[in-house]
Structures are given as structure tokens and as C-alpha cells.
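J.: Letter 60 of the sequence shown, counting from 1, is numbered 63 in the working numbering, and no numbers are missing.
Where hints are given, some of them may not hold.
Said to hold, decoys possible - As a list, the in silico BS3-like pairs of lysine-lysine whose alpha-carbon atoms are at most 30 Å apart: (1) K171 / K79; (2) K46 / K79; (3) K175 / K138; (4) K86 / K44; (5) K165 / K138; (6) K175 / K165; (7) K42 / K86; (8) K86 / K46; (9) K44 / K79; (10) K171 / K138; (11) K79 / K165; (12) K138 / K79; (13) K138 / K86; (14) K175 / K79.
To be verified - FRET-style restraints, in silico, Cβ to Cβ: (15) G43 / D178: 37 to 47 Å; (16) T140 / D178: 19 to 29 Å; (17) S45 / K171: 33 to 43 Å; (18) D178 / Q132: 36 to 46 Å; (19) S53 / L168: 23 to 33 Å; (20) Y88 / D56: 16 to 26 Å; (21) T98 / G43: 28 to 38 Å; (22) K42 / T98: 31 to 41 Å; (23) G153 / A131: 25 to 35 Å; (24) S53 / V134: 15 to 25 Å; (25) T140 / K42: 37 to 47 Å; (26) G69 / V173: 32 to 42 Å.
Rather than coming from a laboratory, the hints here were simulated on the basis of the structure. If you're wondering where the values come from, they're calculated on a predicted model, not measured in any experiment. Note that the Cβ used here is the ideal one computed from N, Cα and C, for glycine as well.
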Amino acid sequence: MQKIGDNKELCVIVNIKCQHKIQQALAVLGQSGQVFTVKGKSKHDVIISSDSDTCHITCICVLPDGHVLVTDNINKKVKLLNKQYQVICHWVASTTPWCICQITPSVVVVTLDDDTIHEVQFLSVETAQLVPVRKFTLLHVCRGIADNQGDLFVTADTALYKYTLSGKQVSKLYDDTSDFWTGKKTRAFCSISFRMFIMNLIAYLLNIPLSNFNSKKIANIDLYKHGDLYNDCHYI
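Model the full assembly from the supplied sequences, consistent with the hints where possible.
T.: This is the structure we're talking about:
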């Protein structure tokens, strides 16, 4: 759908929240020396007539029925695509949407964030419609989001938080203020299974074991050491 070039600040990680696919990927990641190879890709136009700017996709969520949700960051929209990757409906957000994840077969959550608004919005996916259900407000920046067994994990610019579905903050799991946003320690988007993998905007991967959580077990991996894996990403 979109190719990100050398502008590191615009690089984003693609989140596909199919649990069995994630578990398969994590199983391979656990084996040192394993490399993923792209077998193919396709490009699709997801621009709609009401868009005021170039479409900038920051997150992707694949639903059980094969439909796809994308967050269009610049145009402040969440778009629903059919199996042919055609836009069949959209929802206009109050501010910039960053990340999206599925919590039930028909409900997803989206992080909305700017200088003054920090919200998690619940959307119901109903017969080619996106219906806002409820939302809760956070007291900090919210970028990435992922669900694990009813817990929401939210990333800020430097920190990782755990929330309940009702919006209660359970804990701050991790915080690293040694740098900000474009730096090595910035936390951006996450994927959840037995472990959590969070990538920043400059190609560093934070690996967090969810069972028996211990901050000393966190591994920070420099992806550049393994080649230019993140600086030239594709949405496929």
C-alpha cells in the first residue's frame, strides 16, 4: 500500500494482530540466525475523495473475516477495507490515530494522540460500518497499543503502560528517558503473544517477556546490525 523511504521519522511498524501468525513468527524469532524473506507484495490505493492529504498508514489490523483496518495518520481516519483491499467505509477521528488492535471479533481499540488529546477509542465493526462505542482518556502520550488476555499495553514516547479494558492504569512496566522520540530508546508500537516486541522509529527492538515480568530480562536489539531491516519498510 505504501512504501516508507529514508525518512526515519515517518517509519512505522506494521501490526497484524492475528495471534496464530504472531506465535508462528515468534517461534522463528526464538531461533538465532533465522531470516524472514518476503515472498511477494502488492500495492493498493486506499485514498478516498474526502482525504485532504497523502495517505499515511501507521497501523494495520486484520479481522477474522479477512477485512482489514488501517489507521490513516495524516487524514485522521480509520479505514475499513474489504478482502480486495478496497475502502468500504471510514471513521473520522477527533485527532491523529496512531495504532489499532482487536480485542473481540467485532471490537477494536485505537490510540488517538496529539499535544492535548491522549485517548483510547473503542470502535465496533458492524456490517461495513465503524461505530464509536466508548473511549477513555490517558494522562500521558499514547502511541502503540496491543491486547493480551484482556489487558491493554500502551506505549508512550519513552514508556510502556498496562491498562484494564475499563481504562484503569495498572502499572508502568518500563520507562527509559535517556532519549526522546527520534532516539535509540523511543518506544513506538508493540505486538503481543508470549513475549512483547516493541520497535522504535530508529530500528531498535525491545523484547519483553510477559510471563514473570522482570525489567532485567528486557533485551534491546539493534536491528541495523542485522541489515537495513526497518529503514525501508513496506506495507503488504
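J.: So, for every hint listed, does it hold in this structure?
T.: Outcome of the hint check:
1. K171 / K79: 26 Å, holds
2. K46 / K79: Given pair K46, K79 holds - Cα atoms ~21 Å apart, limit 30 Å.
3. K175 / K138: Distance of about 20 Å is within 30 Å: holds.
4. K86 / K44: Status holds; Cα separation ~15 Å.
5. K165 / K138: Between K165 and K138 the Cα gap is close to 16 Å, so the pair holds against 30 Å.
6. K175 / K165: Holds: K175 and K165 sit about 6 Å apart, inside 30 Å.
7. K42 / K86: Given pair K42, K86 holds - Cα atoms ~19 Å apart, limit 30 Å.
8. K86 / K46: This hinted pair holds, its Cα atoms lying about 14 Å apart.
9. K44 / K79: OK: K44 and K79 at ~26 Å, within 30 Å.
10. K171 / K138: 12 Å, holds
11. K79 / K165: 25 Å, holds
12. K138 / K79: 16 Å, holds
13. K138 / K86: 28 Å, holds
14. K175 / K79: Holds, because 28 Å separates the two Cα atoms, which is no more than 30 Å.
15. G43 / D178: 37 to 47 Å: About 40 Å separates the Cβ atoms of G43 and D178, which means 37 to 47 Å holds.
16. T140 / D178: 19 to 29 Å: For D178 against T140, whose Cβ atoms are near 20 Å apart, the range 19 to 29 Å holds.
17. S45 / K171: 33 to 43 Å: With a Cβ separation near 41 Å, S45 and K171 satisfy 33 to 43 Å, so the hint holds.
18. D178 / Q132: 36 to 46 Å: 38 Å Cβ-Cβ, so the 36 to 46 Å window holds.
19. S53 / L168: 23 to 33 Å: With Cβ atoms ~31 Å apart, the hint holds.
20. Y88 / D56: 16 to 26 Å: With Cβ atoms ~20 Å apart, the hint holds.
21. T98 / G43: 28 to 38 Å: With a Cβ separation near 35 Å, T98 and G43 satisfy 28 to 38 Å, so the hint holds.
22. K42 / T98: 31 to 41 Å: 37 Å, holds
23. G153 / A131: 25 to 35 Å: For G153 and A131 the Cβ distance comes to about 27 Å; the hint holds.
24. S53 / V134: 15 to 25 Å: 18 Å, holds
25. T140 / K42: 37 to 47 Å: 42 Å, holds
26. G69 / V173: 32 to 42 Å: Once the Cβ atoms are compared, 33 Å apart, the range 32 to 42 Å for V173 and G69 holds.
Of the numbered hints given earlier, the model fails none.
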